[in-house]
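Participant: If you're matching them up, the sequences are chains A and B in order.
Offset between the first sequence (1-based) and this note's numbering: plus 35.
Under this note's numbering, the second sequence has 360 at position 362, and the numbering climbs by one with no breaks.
Source of the hints: derived by calculation from the structure; they are not laboratory data.
Treat the hints with care, as some may be off.
According to the in silico footprint, chain B covers these stretches of chain A (three or more CB under 8 Å from chain B) [stated by the list, open to error]:
hint : region
1    : 49 to 61
2    : 65 to 72
3    : 77 to 91
4    : 146 to 157
5    : 286 to 297
No farther apart than 16 Å at their CA atoms in a straight line, the calculated lysine to aspartate or glutamate pairs in the EDC-like style are these [claimed, not checked]:
hint : chain 1 : residue 1 : chain 2 : residue 2
6    : B       : K390      : B       : E439
7    : A       : K71       : B       : E439
8    : A       : K304      : A       : E270
9    : B       : K244      : B       : E217
10   : A       : K285      : A       : E104
11   : A       : K88       : A       : E152
12   : B       : K310      : A       : D284
13   : A       : K304      : B       : D249
14   : B       : K310      : B       : E175
15   : A       : K269      : A       : E303
16   : A       : K88       : B       : E279
17   : B       : K244      : B       : E254
Far from chain A, by Cβ distances over 12 Å, these chain B residues were calculated [stated by the list, open to error]:
hint : residue
18   : E44
19   : Q120
20   : I143
21   : E217
22   : P227
23   : G232
24   : Q253
25   : K297
26   : T369
27   : K390
28   : Q425
29   : T437
30   : R472
For each residue, glycine too, the CB sits at the ideal point set by N, CA and C.
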Amino acid sequence: MFMKRICRKPLLPLLLLLVILLGVLFPTVLNQSIEKSYTELDELYAGIVIQCKLIPQTYIGADFALAPEIGDQISRMDEVSGYYCELNCPYYFRDPGPSSGNSMAHGTNDIYRFAEEHALELCFPVGESIDFSGDENICVVSEDLLDAASRSIGDTVTVAGSVSTAEKDTNAPDLNLTIVGSFTAEDTDIPWNAIIVPKACFFDTAELLSTAEGIRRWRVYTAFDFTIDQACNKEFDTVKEALQGIVGDKWLLYSTSRELYRAVQPLEKKLQMQEMLFRIVTVLFVFLPALITFLLCTKDKNEVLIRILYGEKPSRVFWSSWAPYTGLVILYGMLALLLSQAMGYLNGWNITGIVAVSILAAGIAIGLLCKTKLVTLYQSREG
Amino acid sequence: MELRIVVRRARKIVLITLFLLLILLSVFLFVIQSILDGIGLQYTIESYASVGTVYRSDAENAAFTPVEEDVLALLAESDAVQKIDIRQTLSAKVHGMENVPSYFAVPQTNHLVFFRGTVLNQMDVPADASVSYHARYATVRVDSILAGQSNWITKGKNVDVAIIWNGDPECSTTVGEEYCFLAHSSFSSALGMLDTLLYAPNYTEESVAGYEKIQSNYELYHDTVLPVPDSMSGEEADAYFLDILKSRGLDPYIQEIKELDDVFTIRQTSDMQMLIPVANEVMFFTAGRGIRPDDSGKKVCVISHELAAQQKLNVGDYIPISLGNGCYTDNGYESGFPAFGELSTVSYNTPQDYEIIGIYAFSSFDPREATLLFGYNDIFIPTSTETIPPSKNTYPYTLSFCVGGPEYNTFLDTTVADLSDMGYTVQMSASRWEDVESTYEAMASRRRLTLLCAILSCIAGIILYVLILLFLYRKEFALRELFGASFRHTRKAYTIPFAVSSVIASVLAVFAAYLWYLYRLVPQTELIAPGRTPANAQILAVLTALALIQMLMTYILILCLAGHSRRKSVLRLLK
Chain A
36 MFMKRICRKP
46 LLPLLLLLVI
56 LLGVLFPTVL
66 NQSIEKSYTE
76 LDELYAGIVI
86 QCKLIPQTYI
96 GADFALAPEI
106 GDQISRMDEV
116 SGYYCELNCP
126 YYFRDPGPSS
136 GNSMAHGTND
146 IYRFAEEHAL
156 ELCFPVGESI
166 DFSGDENICV
176 VSEDLLDAAS
186 RSIGDTVTVA
196 GSVSTAEKDT
206 NAPDLNLTIV
216 GSFTAEDTDI
226 PWNAIIVPKA
236 CFFDTAELLS
246 TAEGIRRWRV
256 YTAFDFTIDQ
266 ACNKEFDTVK
276 EALQGIVGDK
286 WLLYSTSREL
296 YRAVQPLEKK
306 LQMQEMLFRI
316 VTVLFVFLPA
326 LITFLLCTKD
336 KNEVLIRILY
346 GEKPSRVFWS
356 SWAPYTGLVI
366 LYGMLALLLS
376 QAMGYLNGWN
386 ITGIVAVSIL
396 AAGIAIGLLC
406 KTKLVTLYQS
416 REG
Chain B
-1 MELRIVVRRA
9 RKIVLITLFL
19 LLILLSVFLF
29 VIQSILDGIG
39 LQYTIESYAS
49 VGTVYRSDAE
59 NAAFTPVEED
69 VLALLAESDA
79 VQKIDIRQTL
89 SAKVHGMENV
99 PSYFAVPQTN
109 HLVFFRGTVL
119 NQMDVPADAS
129 VSYHARYATV
139 RVDSILAGQS
149 NWITKGKNVD
159 VAIIWNGDPE
169 CSTTVGEEYC
179 FLAHSSFSSA
189 LGMLDTLLYA
199 PNYTEESVAG
209 YEKIQSNYEL
219 YHDTVLPVPD
229 SMSGEEADAY
239 FLDILKSRGL
249 DPYIQEIKEL
259 DDVFTIRQTS
269 DMQMLIPVAN
279 EVMFFTAGRG
289 IRPDDSGKKV
299 CVISHELAAQ
309 QKLNVGDYIP
319 ISLGNGCYTD
329 NGYESGFPAF
339 GELSTVSYNT
349 PQDYEIIGIY
359 AFSSFDPREA
369 TLLFGYNDIF
379 IPTSTETIPP
389 SKNTYPYTLS
399 FCVGGPEYNT
409 FLDTTVADLS
419 DMGYTVQMSA
429 SRWEDVESTY
439 EAMASRRRLT
449 LLCAILSCIA
459 GIILYVLILL
469 FLYRKEFALR
479 ELFGASFRHT
489 RKAYTIPFAV
499 SSVIASVLAV
509 FAAYLWYLYR
519 LVPQTELIAP
529 GRTPANAQIL
539 AVLTALALIQ
549 MLMTYILILC
559 LAGHSRRKSV
569 LRLLK
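Looking at chain A on its own, in the form it has when it is part of the complex (with noise of 0.2 Å):
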């Protein structure tokens, strides 16, 4: 009998079928345009790279002095994926050397990026590559100094560390170093008879800086930079908030991060936003098929009418008449489910959705149908 009904007039229970499949469909194709764009946008964050600098800030020219405590706090931070520091103090050699005077020993925990930084090309043993990093008491000299000192690469030197430039310290202790590498620069401010060391030569009290006068003077990064660990580019916000609050007011927290702010953050805003008018969207499309299921029951009146003329109980009219539509559109939404499965989205709250507002729209025409007096029902027909 229904279904005698549905194939006289189609008209109706055709939209809703086309109605559920446009909410089903478009919000697939929405959700899928937004899951992907999330997945672009990740592999955004992780090509930023994001370095980090401090800056004094008290103002012109102040010499850049880092506590090295606040540096190494800073890059054991998870969120750190590497840094680089330099610090000096002045030196001499223990005989045998060069009767050059005092210079200054340079600390840093990269020999490539130091040799980068002061314009230097270093000389290495041919496929050795030095790292600055660990503890080794190792050095890096001039070709110049190589010289004056009559050394080559692999000999040993003994120097001192000392606190004033212009004095040798000599009670410092003697600190043997291997000469690992040379290097030669035309335009550097690197003396020639500096020598380079691994920063850990500075952070024992053996070695470069014995006294707590040098200690105080000298152990202090004359240059700190980081970079942030590409994963945690997403929550760089709350990382420059945990290093601001490791350096303090005394520090301006510098980061190349232009393309994250100007770019990644508003695009991961767009999405947000996207992701919100798509859900109202979708919740909209939801009420479509409602409306039309709604409209397709109530032309059932004639039927509810004469069933109910005939002295059929109006909950057993109801019950007759809800379940066929029931079944209609949750045959309706198993078109649905199976389509946006083949195009490889399932959203299941969504058809969920369309299907139990539907089928509420349904009972509620029916109810209002049985509900309604004979006379009434009778006077409201048009045809």
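Following the hints, put chain B in place on chain A, whose structure we already have.
Facilitator: Same frame as chain A, now just chain B:
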């Protein structure tokens, strides 16, 4: 009378109105979304644009050689160039606010310091065969200041002075003795940049014969350390110093230096993102933001971190700026300060309050890099519609143009080649566009697909609405046909419910979507594309236009289908 069709069956009109309302709301939200999506995507893509400037390839002092009009015209005509920013420079005064004592780019008159002081200790720099001058560093206690920026030199405190001389005469300063100094702060490539160090040169006339600039201000370059006679008291010594300055014609500088205390350099820009240092991330904002195109004509400014720290200023504060009627040019460098030894010529208008919207700083700063950096006393304001005397010349450092990532290769192949033929080289900021291009292209194509889906859904929705309307009112139409009414009359069975439902639904949908935009989307758009939020009236106009288009489309469809209904038998319609 016709409205009775609607009133008699109110349920029907409510249903179709609701249906259309839902369709229209979806469409409107999509359209707004699509507009904002496009703006947001464009904004992010623009952030990958390369910013550049041009230099004459063959000029000795290329950075300070004006860019020819033809070159500017070529850039303006190039399709690859998105925007051009030519910054105007002006001198300005901020009354009651002392500028930052700093050296940048070129020596200025306010770098002069005339003071009396006692030499506390001194050290001669060993003569080097490679240099033709001698230098002595003296620590001097400042006893009295005749002229000099008060925050550069302080009475009672010590100051380091480098006394530089050439030729035979020895520098005869003695520790414990008092001297009058005609010193200045400057950058010396030989001695380095020290903000606390003043220079007191004593050059022989022959030695500066080749230096036109020094020759014209020779009084400032010789006999700059003058002994104070022992018998003189403090006031007498100052009077004695003043007499010397008058006799050498240097006394106007005393007033001039005071006058320059509150002078600043104004850089008018349309968009600070178009500054090469900002694009290269050497210049950054410690608070607030830079000037944006939508700031045009507003009374807002961006100041340096150094100035903000010195004056304890922050974003949101106001400063009274008096714009000057021009600026000073020193060998091609435009500044708000007169060149060293020159006197002020600019006059200033009445002050206007400018709100500080941003504070800039540099990750690294070299005062010699005037072509790529800005001084601590540079204040950025937006371009305005007010008549500002245009600069005669456009220098490479006042010009920026922006080439979008997608157009970069075209720019290299076409415009750069043409510029090269004209004798110019291009300097561009780095961009990561090539790495991210495919991602953004995918996003843009998905946006187009989504828009297409939305258009199709909209059309489908309208067709559904019309079909439902026709279905609901077909019997009314059939009855009119049955009674032999004219088509004009019978079609009203459809058009009246259509008119009522579409007007109500359109008004409600426009109203709801507009409110949603105003209260929910505008704040978010400011985060997505700052300064690019479409005007409220624009959005309202778009929504209204869409509603009218929808009505027109629906009306045409109804008319077509009404004609089709007429061809059906009345019995079929009444079923």
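Participant: Hints first: check each against the structure and report whether it holds.
Facilitator: Structure-based check of each hint:
Interface restraint, the region 49 to 61 of chain A with chain B: holds (5 residues with C-beta to C-beta distance below 8 Å; minimum three). Only when three residues or more bring their CB closer than 8 Å to a CB of chain B does the claim for the region 65 to 72 of chain A stand; here the count is 4, and the claim holds. With a threshold of 8 Å between beta carbons, the proposed coverage of the region 77 to 91 of chain A by chain B holds, since 5 of its residues qualify and at least three are required. Only residues whose C-beta sits within less than 8 Å of a C-beta in chain B count toward coverage, and the region 146 to 157 of chain A has 0 of them, not enough to reach three; the restraint is violated.
Judged by the Cβ-Cβ criterion of 8 Å, the region 286 to 297 of chain A is covered by chain B as claimed, because 6 of its residues qualify and three suffice. Simply put, K390(B) and E439(B) have alpha-carbon atoms about 42 Å apart, too far for the 16 Å limit, and the pair is violated. Proposed proximity of K71(A) and E439(B) is supported: the alpha carbons are some 13 Å apart, at most 16 Å. A distance of roughly 14 Å separates the Cα atoms of K304(A) and E270(A); the hinted pair therefore holds under the 16 Å criterion.
Of the supplied pair hints, the one linking K244(B) and E217(B) holds, its CA atoms being roughly 11 Å apart against a limit of 16 Å. Of the pairs offered as hints, the one joining K285(A) and E104(A) holds, with about 15 Å between alpha carbons and a cut-off of 16 Å not exceeded. Pair hint K88(A) plus E152(A) holds up; C-alpha atoms about 14 Å apart against a cutoff of 16 Å. For a cut-off of 16 Å, the pair hint linking K310(B) to D284(A) stands: about 15 Å separates their Cα positions.
Restraint check for K304(A) and D249(B): the C-alpha separation of about 61 Å exceeds 16 Å, so the hint is violated. As the CA atoms of K310(B) and E175(B) are separated by approximately 39 Å, the hinted pair breaks the 16 Å bound. Restraint check: the Cα-Cα separation between K269(A) and E303(A) comes to about 10 Å, which is no more than 16 Å; the hinted pair holds. For the given pair, K88(A) sits about 12 Å from E279(B) by alpha-carbon distance, which is consistent with the 16 Å threshold.
Straight-line distance between C-alpha atoms of K244(B) and E254(B) comes to about 14 Å, which keeps the hinted pair within the 16 Å bound. For E44(B), the non-interface assignment is contradicted: its Cβ lies about 8 Å from the closest Cβ of chain A, within the 12 Å cut-off. The claim that Q120(B) lies off the interface holds: its Cβ sits roughly 17 Å from the closest Cβ of chain A, which is beyond the 12 Å cut-off. The non-interface label for I143(B) is consistent with chain A: the shortest C-beta to C-beta separation is roughly 20 Å, beyond 12 Å.
The claim that E217(B) lies off the interface holds: its Cβ sits roughly 29 Å from the closest Cβ of chain A, which is beyond the 12 Å cut-off. Residue-level check passed: P227(B) sits 37 Å from the nearest beta carbon of chain A, beyond 12 Å. Taking the minimum C-beta to C-beta distance to chain A, about 31 Å, the non-interface status of G232(B) holds against the 12 Å cut. Annotated as non-interface, Q253(B) keeps its C-beta farther than 12 Å from every C-beta of chain A; the closest such distance is 26 Å.
No beta-carbon of chain A is positioned within 12 Å of the beta-carbon of K297(B); the least distance is around 25 Å. Every CB of chain A is more than 12 Å from the CB of T369(B) (nearest about 20 Å), matching its label as outside the interface. Every CB of chain A is more than 12 Å from the CB of K390(B) (nearest about 32 Å), matching its label as outside the interface. With a minimum CB-CB distance of about 18 Å to chain A, Q425(B) clears the 12 Å threshold, and the non-interface call stands.
Not every CB of chain A lies more than 12 Å from the CB of T437(B), the least distance being 5 Å, so the non-interface label is violated. Not every CB of chain A is more than 12 Å from the CB of R472(B) (nearest about 10 Å), against its label as outside the interface.
Checked against the numbered hints given earlier, this structure breaks hints 4, 6, 13, 14, 18, 29, 30; the rest are met.
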